[in-house]
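The whole structure should be built from the sequences, with the hints applied where relevant.
Protein chains: 2
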Amino acid sequence: MKITSAKVIDLRIPTSDNLLGSDPFHTEPDYSSAVLHLETDSGLRGVSVVFTIGAGTDWICHGVEDLCQLVVGSDLEEFTKSPITLYKRLIDHHQLRWLHDGVFRMACGAVLNAMWDLWAKSEKKPLWKLLTDLEPEFVVDCIDWRNIKDALTPEEALEILNKAKSNKAQREQDMAEIGPKAYCTAGWLGLTNNQIKATIDKLQADGFDAFKLKVGQDLESDVERIKAMREHIGPDIDLMVDANQFWGVNEAKEHIQHYLPYGLKWIEEPIARDDVLGYVELSETFKDASFKMACGEQGASPVIFKQLLKSDAIHYCQIDAVRVAGVNDVMAIILMAAKFGKPVCPHGGGIALCNMIQHYGMWDQIAVSGHSDTQLVEYIDFLQEAVEDPVEMKNGHYATPTTPGWGLEFHQEFLEDHTFPTGKIWKNRPAEKCGAKFESVRKLN
Amino acid sequence: MKITSAKVIDLRIPTSDNLLGSDPFHTEPDYSSAVLHLETDSGLRGVSVVFTIGAGTDWICHGVEDLCQLVVGSDLEEFTKSPITLYKRLIDHHQLRWLHDGVFRMACGAVLNAMWDLWAKSEKKPLWKLLTDLEPEFVVDCIDWRNIKDALTPEEALEILNKAKSNKAQREQDMAEIGPKAYCTAGWLGLTNNQIKATIDKLQADGFDAFKLKVGQDLESDVERIKAMREHIGPDIDLMVDANQFWGVNEAKEHIQHYLPYGLKWIEEPIARDDVLGYVELSETFKDASFKMACGEQGASPVIFKQLLKSDAIHYCQIDAVRVAGVNDVMAIILMAAKFGKPVCPHGGGIALCNMIQHYGMWDQIAVSGHSDTQLVEYIDFLQEAVEDPVEMKNGHYATPTTPGWGLEFHQEFLEDHTFPTGKIWKNRPAEKCGAKFESVRKLN
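Residue numbers (numbering that gives the first Met the number 0), protein chains in the order written: chain U, 0 to 444; chain Z, 0 to 444.
Quick caveat, the hints were computed from the structure, so don't treat them as lab data.
One thing to keep in mind: the hints can contain errors.
It does not matter which identical chain is meant; a pair holds if it fits inside one copy or across any two.
[Stated by the list, open to error] Straight-line alpha carbon distances no greater than 20 Å define the calculated EDC-like cross-link-like pairs of lysine to aspartate or glutamate that follow:
#	residue 1	residue 2
1	Lys309	Glu283
2	Lys309	Glu280
3	Lys162	Glu253
Now the structure itself:
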């Protein structure tokens with residue numbers, strides 16, 4: 000099967016109109032994706048997305064288009080024989096690697112994830128099933144070991160995978176219909192306490208029993224909200240908070256110590272995404288608390304995750320599906336989390352991120368950690384109307400996905416209407432509400 | 000003075016033809032820059048560059064063009080009144096910050112550095128003189144303190160700057176003609192021992208007495224080369240080595256322990272650019288050695304530098320002029336280095352990087368650390384024919400720069416000939432030697 004052409008679509012939804020997904024830093028996000036379509040001579044299409052929050056999607060699109068030169072014309076079989084070869088051709092490209100992580104690594108991830116999608120579709124398997132069926136030796140060969148062997152050796156990875164393999168048939172049967180346990184953000188910053196309580200009541204009726212609140216406003220109102228939610232749900236329900244990197248290390252300590260009485264499960268992104276030593280300090284400061292530190296949705300590389308995991312800086316490993324270089328990087332991170340006993344609790348939401356992370360949750364819980372005792376996979380019901388195969392939830396869990404590949408097919412009309420800047424949603428929108436000029440930055444500091 | 004328009008030029012030099020600047024990772028670099036010209040109604044032009052090594056320059060250009068929407072139409076006086084305001088409009092842009100560091104932060108730096116250039120030109124001062132003339136309080140207000148106050152408080156920064164200020168007149172007089180002490184890379188990977196010795200002899204005749212060798216090939220030949228150079232220069236001359244991130248932590252230890260007998264001054268980039276805990280481990284392992292760890296040319300943010308400096312992970316702070324978000328970020332990093340007693344030894348070479356870092360060396364040695372006892376500023380004579388004001392060297396030191404601004408004006412003909420892909424150097428070049436397809440990656444691992 001030959002890759003015959005690539006198309007990259009700048010897809011943007013004007014979610015800023017109703018402040019969907021806003022937080023202290025990202026005040027008016029337009030949920031967006033660089034959507035990659037790799038066409039083949041077989042009729043199958045490889046699809047991937049890189050989620051962004053509006054302006055900047057074109058930066059990713061530019062990069063993905065450039066990288067696609069390295070796959071168009073190649074055979075899928077070259078990739079399936081040795082995924083690490085394409086990974087290195089991208090990530091270690093002797094000129095492009097100068098661009099560092101961020102846009103470059105995300106663009107590499109787009110290409111790799113579309114190839115993995117094609118592979119899974121060619122085998123008529125959902126992504127998680129393709130991954131769980133790989134031999135442990137093959138998984139180890141998919142990983143770039145250069146910078147992580149001091150935390151996890153290939154031999155240790157093999158041991159983890161082989162141990163899970165011995166119970167894999169049973170685990171796959173356990174998860175044949177009901178997939179990973181999920182949690183929801185109920186407490187968006189814009190909502191009143193009564194609105195949040197009503198949201199929680201509805202989610203509880205649907206079977207959810209773990210909820211997250213956004214914090215990072217003034218201390219008093221944050222604490223008041225946490226207290227009100229804890230009183231509403233009682234002492235036994237999981238409650239987490241998320242500060243979206245708003246604080247420095249010292250401010251984080253000052254805020255978090257006031258959260259101690261409320262039996263929280265985790266504090267998410269209290270500080271900068273790459274402040275490993277800051278996380279170490281927070282984890283030591285609050286070592287006797289009910290909660291532990293969580294981060295990863297903006298963890299830019301396996302090297303950052305390596306440090307966070309091996310030093311006990313964080314406890315909950317919140318991989319994102321599209322921040323690092325695709326399946327290959329995520330395999331490395333999930334295996335490191337397994338070695339250090341950290342629950343993999345992927346970051347969801349955005350556009351179609353939940354459609355992707357359900358597969359990683361499945362792979363982790365069947366073929367790596369091999370259990371479902373401690374993990375929570377984020378679920379947010381945003382924009383599921385955009386895709387042909389929305390995620391399904393059953394009693395607070397993901398229903399096990401069955402569509403071949405990632406399940407990232409968008410409705411054609413949705414794609415056309417939301418293509419930036421030519422789709423009908425955008426072409427008549429005032430210029431100041433489009434792109435980088437859309438700069439109504441909430442006053443910071 | 001109003002910014003009336005912006006032009007971004009994709010400038011590439013086919014340096015891969017003679018392997019100029021190659022290392023184990025970057026095997027065939029085409030030294031390149033995204034060159035920004037901000038035009039004004041005064042006739043002055045603000046210039047900045049983002050250095051890259053070929054493919055990927057267009058990624059940076061795309062981003063810089065997007066960001067320029069946020070400055071075209073603004074007044075220089077808005078910027079000079081409060082540089083942090085523009086900094087935050089860029090770096091904390093509520094949609095763009097999702098793009099993380101790398102391409103995004105480098106593009107922000109391009110815009111900021113061009114504004115600083117304009118400011119210095121409007122005052123008819125070289126950049127270093129503009130910076131040294133700023134009041135300590137003003138410098139403190141240029142810095143984004145959100146994520147670094149646990150390492151350096153604004154009050155501590157003020158104290159450092161005020162202490163240097165008390166001796167500033169004397170220091171400025173000391174450096175009125177002879178600027179920062181320099182060092183050179185003499186041992187490029189492609190050269191034979193005899194070629195390297197001849198290079199060193201020539202550099203010594205020109206007054207240099209500190210030299211760097213590239214390592215990262217096989218252990219035996221690396222050690223043989225180090226030994227030969229040490230024998231050639233004798234025991235009292237500074238000798239450093241640079242591995243360009245080629246090793247993992249354990250491989251670095253294995254290699255470096257064989258370097259112990261040769262009285263090296265520093266080991267540069269033995270491991271990944273953001274592996275803070277890896278550097279901590281190496282520094283502890285080799286705490287009794289003659290050498291200390293050095294890195295920073297790919298340090299992607301002040302948060303990474305904060306960790307490297309406060310934990311004694313590195314000793315030599317190798318800032319790059321165009322990797323982080325311009326003067327504002329570099330100010331923060333140089334002040335943190337001063338607090339932790341780490342010599343600022345900037346990364347030079349590339350295209351016109353030396354033209355920029357000489358200003359940072361001056362500012363550090365006059366107005367921050369306030370001495371020249373321990374710093375070495377890299378000097379590489381590459382491509383100085385491209386600019387109107389090449390750096391001048393005097394007896395192993397930078398001659399104090401006097402041109403207003405950064406001194407980044409390129410010869411017009413050089414710019415036109417090397418514009419990618421339309422300039423005459425590129426338009427007839429075979430496609431496989433241009434851009435991302437230029438993928439002759441040396442086999443890695």
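Hints versus structure:
Taking the closest pair of Cα atoms, Lys309 and Glu283 come within 20 Å of each other both inside a single copy (14 Å) and across two copies (17 Å). Taking CA atoms no more than 20 Å apart as the test, Lys309 paired with Glu280 passes in both settings, with 14 Å inside one copy and 13 Å between copies. In the homo-oligomer, the alpha carbons of Lys162 and Glu253 never lie at most 20 Å apart, since the shortest distance is 43 Å inside one protomer and 31 Å across protomers.
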